[in-house]
Amino acid sequence: MATESQKVPPNLDVGEYPLLKRIREKGLRRGLFESIDEAIERTTVGLNLADLRALLQDRALSKPNVRLKPHADAFWTHIRPTYFHTDAVGFYPTLRLGWLSTYLFVLEIITGIFLMVFYTPSNVRAFPNMLNLLSNVPFGQFVRDLHRFGAEAMVAIVSLHMLRTFLTGSYKKPRQYTWATGFLLFVVTLGLSYTGYLLPWDQLALWAVTIGASMLEAAPPPVVGNFVNVLVKGAPDLGAAGLLRFYLLHVFLFPTVLLALLGIHYYKVVVHGHSLPPEKEEPGVDTAARIPREKRRYFLIDQLRTEMLWVVFVTLVMVAIVVWFYDAPLEPHANPLSTPLHTVAPWYFLWIQGLLKLGDKTLMGVILPTILIGAFTLWPYFDVGPNRRYGARRPAITLSLLFVSAIFILTWMGTPDFAVETSPDQEIMFEMAPSTKVGLVRAIPYEDLVPGAYSTEDYESTVPGDAPELLAVMEEYAHLVEEAQEELPNAVGFMVIDQMQADLRGVTLRLVWDDPTQSSGQNSNVQLVPVHADAGYKKE
Amino acid sequence: MADAAALESPALTRREFLYYIWAASTALFLAGSGGAVLWFAFPRFREGEFGGIFSVPVSSLPQPNSGPLEIPEVKLWLVNTDQGMLGIYKVCTHLGCLYKWVPPNSRFECPCHGSKFELDGTYIEGPAPRSLDRFEISIVDADGNMLAQSDEEGNPVEVPGGAAEIKVNTGQRIDGKPSS
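Protein chains in written order, with our numbering: chain A, 1 to 540; chain B, 541 to 720.
Be a bit skeptical, because a hint or two may be false.
Stated by the list, open to error - Below, computed lysine-lysine pairings styled on DSS-like, alpha-carbon distance capped at 27 angstroms:
no.: 1; chain 1: B; residue 1: Lys717; chain 2: A; residue 2: Lys437
no.: 2; chain 1: A; residue 1: Lys173; chain 2: A; residue 2: Lys21
no.: 3; chain 1: A; residue 1: Lys437; chain 2: B; residue 2: Lys615
What the hints assert, rightly or not - One-sided and incomplete, this derived list gives chain B residues near chain A with beta-carbon spacing under 7 angstroms:
no.: 4; residue: Phe582
no.: 5; residue: Pro583
no.: 6; residue: Cys637
no.: 7; residue: Asn645
no.: 8; residue: Pro667
Everything labelled a hint here was simulated from the structure, so no lab data went into it.
Positions of the beta carbon are idealized from the N, C-alpha and C atoms, including for glycine.
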């Protein structure tokens, strides 16, 4: 205690730790307990131990609205609503797709950061980094597959979320801007997926992205198109500069934009309240923001518990799919001097590839998508009818389903088999020995590749009895040659296997057919496929 | 009278005017910075960086109207037609894939979206917007004197007697004619 002679200045506490002070005043047990209780209250921003236990036991709380304090005063819970409408948190009609989209985004960030530890955005280092990740790093293949699968899942889920909000008319007043930001989020998601596609730097990455980037070049007028094309690619052709730029877009610019838009988007959802199922509201009346007492589901702790369980469940499903069903592809090293046959766009861009097969790349690749983006973003400002019920929105719903059908048809048209056929001999060689997959020949076990000369006309007698895989492939070869007889008259397929080095056998495929336009009367297609004893190619 | 005073908008003060000037100068500054950013990000490269002039000896030229000669590092097809020589750019005019020569069909075909072109690069069918692009070529004799050169349209160049080399200028590209 201060005395006259000590002259302690006013308002200055005599320094003493609160814990020690409490112990001194109330004894060890009581003092310790009160300090721990206070620590809990500070960590949870408002809930002391008694309140916390009441929450966990689902009992009435001591003070009214104490569970709202963390929302008011803490950072992480600040944007979440304090309570939800019970009609809006169920599986119908949202399928919880918005929540799932956010989950996938977080998953992509986490797996992406793990991948960044072992990846360099250099045209020389990227592919070796991929090989290292897949074969040398513990759980490397798992993380990579999870990241790739998560990306594809995110595009699908975000599209479904967009379709759902359209069908339930959730874009109507006052949620027009929520829809607009949501659509922009969709575009940024596609951008993220597209920029990430280039990073493995294999043949698939290089050529799929080259095609897409060339669409930018088609932007009118030519001066702008060329400028944007070279700005994005970093050079006239995709190379080291392009890879670095795409990497920066993928790990920095697009995620930042996405986070900003996501903030705006979710904030709007909370401010207006999550829209209710259309049949639960009077037409034209938006009651989502005023939730009656008996329809409240509090975030702390019921909704939080549900969300955490969903996190566990979805993670389990993703991991199971990635471990047992999904394998992210990796083709050979990117080769800017050679475009492989049958380059496929990622499935969510096949509709653009289908569009491009229909006509001029400026119209189909630039103008039409721009019009679509404008139409989608501004739709809620045109569709102003107040009624959200399905029965009152038949034209809009029909239009949306027609649009979905059109996307499906265009997607099918974008597949490589549609309207892109090259000569039959190249197709046969693509089946037997493709440059980007294992194919038939490389999958033959080394022991079955008995050196010798075989042909599709007499393989049954020349292939040795202890080489069943070789026999099977020769059979397939003969079948392919047979099918092409019309375009390649009198075609014969040869396979010559010779021992090139101690553990290396060379398979020379030679296709010969009659061709009156050639001076010799015949034409041929030759491919050499070396197979090493330790190659270990797996059949697909 | 109080209402009238409230409705009348007050005269522009010096402070307000300076705010507007400040905003305008900031906008100007941002516009300039934006231009600087674009200028910064635009890559440095040399036009036709995969080579300047590339020389091919006349002896290795293909026969007239037989298949073309492929020179992959330079992204070049050397084509010998009835009317003379052509140096054709190997990149498809549609979306940048490298197209192939398909002997059974005696034409160029692109594996990506199926564009097809004749031996001399003329567009046949497909989504490509124009015929194949050509490089400027010149034909020189053994002493380096120029004997013949492509014209502005890139028409085939006849190979005169005494020719030793064909020089393909991969920095000078002549766009093909539009396809429709």
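If any of the earlier hints don't hold here, list their numbers in rising order. 1, 2
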